[in-house]
Structures are given as C-alpha cells and as structure tokens.
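Participant: So the chains spell out like this:
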Amino acid sequence: MSEVHLDAAGHEEPSFSTKAIWRTFWVLLIITLLELTLAIIYYESPGLRPYKHFVNGLYVIGTLAKAFFIIAEFMHLRHEIKNLILSLVFPAMLFIWFLIAFLWDGNSFKNLRNRYDRYEYQQSQTPLAKKPGVE
Amino acid sequence: MSQAITAGQKWWSGGKSPYNVEYGKLMMWFFLMSDAFTFGAFLISYGTIRFSSNSWPNPNEVFRSFPGVKGEMPIPLAFVSLMTFILIMSSVTMVMAVAAGHNNDRKGVMKWMAWTILGGLAFLSCQAWEWTHLHSEGAWWGANPFLNIDGTQSSTNFTNFFFTITGFHGFHVFSGVIINIIMLIMTWKGSFDRKGHYLMIEKAGLYWHFVDLVWVFVFTCFYLL
Amino acid sequence: MSNDVSLHGHSEVAASHNAHHEEHGVHHHKEAFITKYVFSQDHKMICKQFIITGMIWAILGGLMSVLFRLQLGYPDTSFPILEDIFGKWAQGGKIKPEFYYALVTMHGTVLVFFVLTGGLSGTFANFLIPLQVGARDMASPFLNMLSYWFFFMASVVILSSLFVQTGPASGGWTVYPPLSALGDASQGSKAGIDLWITGMALFVVSSLLGGLNYITTILNMRTKGMSMTRLPLTIWAILFTAILGVLSFPVLLSGLILLLFDRHAGTSFYLSDIFISSTQKALPNEGGSAILFQHLFWFLGHPEVYIIILPAMGLVSEVLSVNSRKPVFGYMAMVGSLFAITILAFLVWAHHMFITGLNPFLGSVFVLLTLLIAVPSAIKVFNWLTTLWKGNIRFTPAMLFAIGFVSLFISGGLTGIFLGNSTLDIALHDTYFVVAHFHIVMGVSAFFGMFAGVYHWFPKMYGRYLNNTMGYIHFWVTLIGAYLIFWPMHYEGLAGMPRRYMDYSGWVSFRQFGDLNRFISTVAMVVFAVQLMFVFNFFYSIFKGRRVTNQNPWGAATMEWTTPIRPGHGNWPGEIPEVHRWAYDYAKDGREFIPQTEPVSGNESKH
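Chains as they are written, first to last, in the numbering used here: chain A, 1 to 135; chain B, 1 to 225; chain C, 1 to 607.
Hints listed in this document are in silico derivations from the structure and should not be mistaken for laboratory results.
Hints may be right or wrong, so weigh each one.
[As the list claims (entries may be wrong)] Some but not every residue of chain C turned toward chain B, in silico, with C-beta under 10 Å:
#, residue
1, Q165
2, T166
3, I257
[Unchecked claim] Okay, the calculated beta carbon distance ranges per label pair:
#, chain 1, residue 1, chain 2, residue 2, range
4, C, S277, B, G138, 23 to 33 Å
5, B, S125, C, E578, 53 to 63 Å
6, B, G138, C, A282, 17 to 27 Å
7, A, T126, B, G138, 20 to 30 Å
Source: prediction; values computed, not measured.
Beta carbons: idealized from backbone N, C-alpha and C, even for Gly.
One chain only, chain A, in its complex shape (with noise of 0.2 Å):
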C-alpha cells in the first residue's frame, strides 16, 4: 500500500515538499524585486531613456520567467504527464500571432492617423503647459 499512497500524494511525492515550493517562492521574489530595482534605476537616471526598449524586454522576459514558475511550480504542471503539457501549451501559442498583429496594426493606426490628421497630431505633440490658454 505504500506504492499505492506514494502515488495517491502526487506522481512524485517530493514535487510537494515544502522545500520546493519555498524555492519558488523565493524566485518569484527575487525576480520581482529585480525587476523592480530596474524600474527604479530606470526612472532615476535620464539617460537610460533610449534604452527603454531593451529594459522593457528585460521586464518581459522576467514576467515570463515568473509565469513559467508559477505554472510549472505551483500549478504543478511540470509534475503532470505530458500529455497535458502538451495540451495547454499547445493552444497557449496562438497568444503569438494574436499578440504580433493586434500591436502590429495598433501601431500601423498610430501611425496613418499621424501621418493623415496633421493638426491631431501636432496637438499631441505640444505639451499642455506650452498650449495658449492652459497656465
């Protein structure tokens, strides 16, 4: 019977000992407050604002890092056959295209409307404290 509740308490049962999951859980927060320092160091110094996209990929790539732990650790995902895997990861992917062309025209707007209402985008261009009638 003991085989048996091995297995009754999770395929492995060492995938919920509590020594994992505050493993995770550290992870999680050290990532947090990673990407928190760069917010900062980022918002501190002037002259990391053209790098602004190379910092946002880094926050990308730490929320993605969070999302893999929290799916594979606490939602127990890696623990499962992968069959299921395989089966929420799958249709996961089509978030790829649908992120890719909804940003992609989201931009291309921006841009038409840009080109195409002159005077619309020289009001977005003027700050409000420079606009005649604003203190």
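Chain A is fixed; fit chains B and C onto it per the hints.
Facilitator: Showing chains B and C alone in chain A's frame:
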C-alpha cells in the same frame, strides 16, 4: 495489473484519462485556458491602444503613494510591490494547503486555507485603498488627471484600461476568496475526508494560482512597461 | 494498479457515476416531470431541449429574412398586414428603415449564434458524444444542464430585446462601434444593444460550460478500446468545435465588456473624434480605435464560422460513409484537415477587415494565411467525393442532405477564394457577393449538415422515423431553392450592388435587378414554407412516426446503435461495451458492416 506511469503507457487507448487526471481538474485547466484568453484579450487591447497612442503616462509618476505616508514616497511602486508580495505569499500558502490535502491532513488544509483567504482579503483591501486613492486624485473611468510622460495631454484610456483590467482581476480574486471560503467550510465539515481525497482543494488551488499568474502580467503591463 | 490509485479521484468518480447511471438505466424508476423534462441532466434530453429551442429560433430568424426579403422584392408595395403586426415599425404597411436594420441584425444574430452554434453544436454534441464514445453521460451532467439553461436565458434576453420600445440591436450582427457604442447615434443603439450584449454574455457562458464538458468527455470518458483514432469523425469535429469555442468566445466577451464601458462609463476604448449629427454634438472621447473592436470581434467571429461548419462536416462525413456502405476515405487526412482548419481559424480573422483601415501589409499576411484554408477544405471535399465513389449508395433523406452539403460547400467555398484576396475585396466587400458567399458556405450548408444529422439520428433520438416523402420534398425544394436564392446574388454583387440597403430602385445601376430581387424573394418564401413542413414533420413524427423496430436501422458501425432503441439515462443497460476497431468497417470481408464493438477475429483482412 500494474499500470505504472511509464513512457510506454498507452494513454489514448480509451477507458482511462489520457492525462492521468480526473475530469474536474481537466475541466478546470481548460477553463483557465479560456479565462487566459479573456485576460489576454484585455491586455492585448490595452497594448494595441498604447501602440496607437503617441505618448502615455509614466507609471512611476502615477503610482507612488503609500498608505499612511503623506505626499509621495521617495521610491515609486512601493505599494504595488507590497500587493505583489501579498499575492505571491497567498499562492505559497495555497500550495501548502494542496500539499496538506495530498497527505489527507485536515488540520493542515484548514490552517493554510485560512492563511490563503487572509492573503486574498489583504490583497483586495490594498486594491480598494489604491482605487480610492486614485479616485481622490481625480482618476476614474473616463477621467484621467495624469499627463503623458512628455507633458502632453493624455487620453482617458490610461485610467480606463487600468480600472477595467485591475477591476476584472480584482473580481477574480474576490470570486477566488469566495471559493476558498467554501472550500474551508467543506474541509471543516469533513466533506473531503468522507470523499477520501482533497482534489477539490487542488482545483481551487489551480484557480487561485491562475489569479496570481494574471497579476504577474497585469503588474508588468501597468506598472513596469 | 498504481495508476488506478493515482487516479483515485477519477476512478472513484467514474465508478460512482456508473453506479448512479446503472441504477437509472436498469430500474427505470419514475422520475419527476421537472427533473426528466425540464431540469434534466440526461444528455439525450438536453439535446432535445437544444434542438427544439434551436428550431423555434430558426423559425423566428427565417421569418425575419422573409420579412426583409418582402421589402427587397417589393419595395414599392405596401402590405397592410405588416402594420397590424408590427405597428409603428411598419407604418402604412411599409417596413421602416430602422426596422429593416433591426430585422437584418437579429436575423444574423439569431441564426449565427442561436441556431447554428447553440442549436447545432448543442444538439449533436450532447446527443452523440456520450453515445459514440461510450460514456454514461457527459463528464459533468450538472454543468451540461446549466449550459442549456444559460442558453435559454440568453434566448429570453435576446427575445425580449425585440419588444423594447426603441427596438432591438440594429447595427448589424457584428455590432461595430461607434454606432453600437453611442445611444444617440440610432434607435437600435439604445436599450437593444444592452440587451444584445447581456444576451451574448449569457450565451458565452453557456457555450463555455458546454464546450468544457464536450472536451473533457471526449478526452477523458472514452470507453475501453476507444482510442482517439477509433473515434467517429463526428466526435473529432465536435472536439475541434468545442476547442474553437472555448478559446475564442472569451475574446468576444472581453470586447463586449469594453463596449459596455464605452456605452455607460464614459470610456473611449473604441471612440475617437466623433460628431453626432442627430444631437449636433462633438464628443469628448479621444484616443480609442474602432478597429480594435473589429479585431476583437473577428478574433471570435472567424473561429465562429468554423464553429458552425465543423459539426456539419463531421455529421456529413458519418452519414456519407454509412449510406455509401463504404469506409470514409482518408480518415487520418480528414482528422488532419479538421485540425488544420482549427489552427488556421485562429490566424485569419483580419480578412474580414481588409478595407477598414487595417495596415495593408498586415492584410497581405492575412491573405496568405486565409488562402491556406483552401488546402484542408479541398482535402475534405475530395475525401467526401472519394467516399461516395463506387459506393453502394442508399439515397435516404439524410444522405441527400449530406450530398447537398458537399455541393453547397464547394460552391460557397470557391467564392471564398475570391474574397480572401485583399485586392479583389476592394471591389467585392459589402456587396451581395459576400452575402451569397457566406450564406451558401456556412449558412445553408451548415443547415444541410444539420438536416442530414436530424434525419439520420432522429430514430435514435425518438425511436421513430421521420416521414420520408416529406423528407424528399424538403430536400429538393431546399437545395434548388438555396441555389436559386443565392446564385443570382453573386451577379448582383459583381455588379457592385451593396448589402444593407432596403430599396435599390433609386439607383440606375441597380434598378435592373428589381425583377431578380422579386424572384429571389419569392423563392425565399417557398423555401421558408418548406422548412415549416420539416418542422411539422419533426413534431408529427415524434408522436406518430413509423416506429423503429431494428436496433440498428441504418446498419451503422458506431456505438450509439448498440444501445436499446429507446435508451434510458445511462445509455447501456449493462456494462458499456468495449471497442475493438475503428468506426468505419463497412464492406469488409464480404460483410456489409462490422460494429465497433465486435472483437477482431484472427482471419480478418487488414484495412
């Protein structure tokens, strides 16, 4: 007779679950997949509108208040970091509850579920405070007091999306807390001991971690990017 | 052993499930009326609830089309009876423009969502999944029941919107903002849209509950030996349909929630730079994008057309094979093409938006992806034709409808290739060419698939046959009528005649189509009348039809025909039979068919 979990197992041949999970958990997983598309659609819409805008407010300027601190905090994003910490923490206690459930440890489940509920409530309180604070600054659906990062007039979509998406997430946290309370009561009444397993706790746990997962993306999209 | 135990939840749940159902199946103890017919958790009863609700909706939706066809065919004539029925919406016996839009919008909404999604998937997924995979019932009969009742509530809400003072939603079934977001913009953008959004939200919940159940039942509850590659194609099609629904409906829900905020909370997700002429007001909304809504809508909307057509494809594949007395040709290719269509369904949505201001280069990517759909579609068509090839065909009404489906799918699919090209779409968008295309390829052919299914499985549903003579009349009139209605529309569209106009007599270029429009309208009314005959046949046959005396009247190999003629709750009185072979062992080793449940004997030839 032994059907140990091996690579050679004929998972798809019928008469058993090809995923080695009971139907309820499978349903929960697919439901979460579906819900991921709801949130995904919201966040991608937010991204699309942001990409269609010439400029956007700076989150580091907007989110710098902290309860009890007069004026602005010296560092931005302190409060949201606390909220993130609370939610991750409640995820940890939830896993603990699930782990206790695997050992059929009723006391343990109750203890950890109680902590999880507490964490959820704490998060909701934080969110309520943040919303109230932003509202007092004049931000609401259709009203945006913040300027863009370059000082230009901002459209209201910064606050529109912020309140809609954090609100939808908060609604999920709220329903998660309700589910967890029901689970706690059922554990207390011994329903799961009678059933002989704590799989319901595991399903509630999946939902709860999903809420945490969504927060990770909301956090990045609204506070960092 | 260890697997059993690691699955203790599953086996235990399944065991208690089985015990529960066996009790029902064996003892047939009397159930209360309310749990048997109203809040039933038996998948077969839920199927009947879905099909009858779907039929009521189909009559209403069809009636709407008859009304606006009346307007299109006879724009100068007034029909006093219309005023008697619709009052101010048809003052003087002529349909008002607002009412015309409302009719068109509700016709689309009702038929796309409530008939061909709810009615079609709800009916056949509920009926066939447990019977064909060998399960006592759905994974969760309770959620299944909720799925129907959410559908019912959605129906009530949408139906009630027909009776509000300002009329139902009337901005087209796609409810594009800004029209749908601004109550001041039109009558139909007031309460009608709010009810529309509420109804659709309930519908999404229903489809989600149903879809999750269908997926888990198909994957988790198959009987012993029923491997995925032994599943009938109906089940494969329903599986992919459910996956499409579960992943795409939430996106519509998100889009509608944002729309609701735009309507009532002063947000501008979809609004920017708007001046409303009726109130002479410029709106303060800035920064939104109406194209965003179209993206969100069509991210659902495109998979939606496959949600409609895939179940029909599955039903047709099965009916064609059974009645050709031949195995379906290229089973794996059929499954593969269903899979390919499912994937592509998620990648091509923006081909509905080529001329809305979509980035043209992005549009060309969508053209490429769209035209790829021709590949799996062609595979399916050729496989259906080769299934028929040299078959020993029995022309039952179900078979005729299945063949009609193939014909319509080819005719409608070919025009899809025109429309999938963004350059041609500059000329063809929003003309009657589009109307003709989608009505043939997803409207009528999905109906044909559904009819094939109803005629084929009616004996299993009710233990009686539908009347054959009426079936043949129904088929021939519908098929010829469908072509007579929609074929001429292609020419109107190529001539540039736009859709959504209620009177073309003011245009020199379109006045020439007056007679043609009258002809189309006449045929539409005849076809509608024949559908009423089908409805009569349906209800008449439930009570008075010829009784089924043979457990397997069509000589089909699939599992549903191994149950008793009128199966109880739990489907099989004893143990669920084990499956030993694929679903299409027809004309093998000199035998007409071999049921899936028959063990493979040693001297059988390999297929």
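Participant: Each of the hints needs a verdict: does it hold here or not?
Facilitator: Tested hints:
1. Q165: Hint on Q165 (chain C): violated, closest Cβ of chain B at ~27 Å, above 10 Å.
2. T166: It is violated, given that the least Cβ distance between T166 (chain C) and chain B is near 24 Å, above 10 Å.
3. I257: 7 Å, holds
4. C:S277 with B:G138: 23 to 33 Å: With Cβ atoms ~32 Å apart, the hint holds.
5. B:S125 with C:E578: 53 to 63 Å: 56 Å, holds
6. B:G138 with C:A282: 17 to 27 Å: Between G138 (chain B) and A282 (chain C), where Cβ atoms are some 23 Å apart, the hint holds.
7. A:T126 with B:G138: 20 to 30 Å: Holds: the Cβ-Cβ distance is about 22 Å, inside 20 to 30 Å.
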